[in-house]
Amino acid sequence: MTIERPHLADAFKPQPTKKEPVDRSAGLAGLLPPPRRVTPPAAPAVEAPAEAAPAAGEKAPEPKPATAKKPRATAARPQATETDVTSNVAVYLEPDLLELVKTARRTRGLNYDDLTVEAFAAISDDTLRNHFTQTRTAQTSGGMPTRVRRPRGTSGIQIQLRLDGTQRAWLDQKQEEVGAPSRSALVAAALRLQLG
Amino acid sequence: MAVGRTLVFAQGKGGVGKTTLTSNTAALAASAGHRVLVIDLDQQGNVARDLGFPPNSGDDLMSSLLTAAPLPISKDVRPNLDVVAGGPAIGDAASVFASRSARGSSDLADVLEAKLRPIEADYDLILIDTPPGDRILVEAALSVALAVAIPTRMDEASIDGVTRIAERFLAVTPRNPQLRLAGVVLFAISSRTTRLERDVRNALAETLGDAAPVFTTRIRHLESAAADARRRGLLIHELEQAAVADRTARINALRNKTSLTDGLYARDASGLAEDYQELTRELLTRLIEIENEAVVTT
Ligand SMILES: Nc1ncnc2c1ncn2[C@@H]1O[C@H](COP(=O)(O)OP(=O)(O)OP(=O)(O)O)[C@@H](O)[C@H]1O
Ligand SMILES: [Mg+2]
Chain A
1 MTIERPHLAD AFKPQPTKKE PVDRSAGLAG LLPPPRRVTP PAAPAVEAPA EAAPAAGEKA
61 PEPKPATAKK PRATAARPQA TETDVTSNVA VYLEPDLLEL VKTARRTRGL NYDDLTVEAF
121 AAISDDTLRN HFTQTRTAQT SGGMPTRVRR PRGTSGIQIQ LRLDGTQRAW LDQKQEEVGA
181 PSRSALVAAA LRLQLG
Chain B
1 MAVGRTLVFA QGKGGVGKTT LTSNTAALAA SAGHRVLVID LDQQGNVARD LGFPPNSGDD
61 LMSSLLTAAP LPISKDVRPN LDVVAGGPAI GDAASVFASR SARGSSDLAD VLEAKLRPIE
121 ADYDLILIDT PPGDRILVEA ALSVALAVAI PTRMDEASID GVTRIAERFL AVTPRNPQLR
181 LAGVVLFAIS SRTTRLERDV RNALAETLGD AAPVFTTRIR HLESAAADAR RRGLLIHELE
241 QAAVADRTAR INALRNKTSL TDGLYARDAS GLAEDYQELT RELLTRLIEI ENEAVVTT
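Protein chains in written order, with the UniProt record's numbering: chain A, 1 to 196; chain B, 1 to 298.
The hints are simulated quantities; they were obtained by calculation from the structure and are not laboratory data.
Please read these numbers as outputs of a predicted model, since none were measured by experiment.
We treat Cβ as the ideally placed atom computed from N, Cα and C, and that holds for glycine.
Taking CB as the label site, the calculated pair distances span: (1) A:157 / B:232: 14 to 24 Å; (2) A:30 / B:155: 32 to 42 Å; (3) A:172 / B:156: 51 to 61 Å; (4) B:14 / A:124: 50 to 60 Å; (5) A:30 / B:95: 38 to 48 Å; (6) A:109 / B:96: 22 to 32 Å; (7) A:157 / B:70: 22 to 32 Å; (8) B:271 / A:195: 42 to 52 Å; (9) A:30 / B:70: 24 to 34 Å.
Given these sequences and hints, build the entire structure.
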């Protein structure tokens, strides 16, 4: 392989950086429907992992009308419904929290989704509400402003949760209930309160 | 029996693009929101290199295959993309499992199926990269696959490799009747060989009959980009972005009369990135076609 000299011509051409970056995932989304068992299941379907769990150990959330009309099938899943569609939810974790989460994942063999579900099962709404009121008052208190803490969960390193529609709706509702600024902040707070 | 939506890249000949295709199609599918798992069954462990993480010993995978431990899955190496890393230890799998199955215990295919079954529902797509020669590993991968894609270059030896996979295919169908040939991928094809490409396509089409297509999209020959990608641990569509940044850096270096120390060899990877995008589209579409056929016939 030869290393070429810089082409002067390149420097005078219209600059390619102005071009919008091409989205190479275009046309690929939606090509794969949710997987179905091509083979007859050898054993009765294993328990659906994270899906039903957010409500565990808490009062059942009053479902929003939008999600209430489609109760999840428990045994077979004949057709993909709105709530079945699993998608990514980005959560931003401060570096120290990310370390805690990674350690928990490694030592306990749980994935991020499991850890999140577990955190919400363990932490009460009041604790979460307090957490967010405190962060807010710290920023708006009179006198000399305290060192501004970045609202937790809005900056940091991204992790992805895989959540289905029911879980996302549940999070949105919880976000409203406890006054969290975003989904990401809510999840980060729950993880911090549980693991920190 | 096939597990989940599993596609295997296999070819009797080495260096025909199995690993590069596995990594790039996996990452593109994942970037579109599909949940993807890549399993590297090769002792060379090149998937790690393509994705930019340190070489793996393969010990974890090997010990998972020998014990009750679940597969060692590295989560989210890219958004939506999980990986089971291969490495040198997997080189022992063939001999270990050959003597095991001689003693009547479960063979590698059974073990792989048992490890994958509990996680099949977690993924929209499972891709397996296989080593060039290892019969036991390749047949184990085919035993759990819905489909196999065969990459080839245009030399005679590579094309012969296509027929060698056909033999593996036949050996596996009794235990995995669902296995289908997804098609043949032309890899590293120069734009200056259009007549050769046409002849090779025709020859392959004749061999394959109506069993499977030669995919319309071919991966173009671009060694500079291939070298950059592995050196930097970037996939081709990531390299495409890096090349844009690199160009800007070059131009700035030129303006400031400084020199660029770690530039890319490839000036523009967009054509190649487009090939991967198109091929991924063809592959996924074909896979669903196969899946639907399988549902109708079972
Ligand atoms: N577009 C391209 N044009 C030319 N060469 C390429 C291109 N993409 C990759 N290569 C080169 O082709 C070689 C083989 O690629 P790859 O490792 O994917 O093949 P493989 O079939 O997995 O090999 P092995 O049988 O050893 O596992 C690599 O050296 C790689 O750099
Ligand atoms: Mg390889």
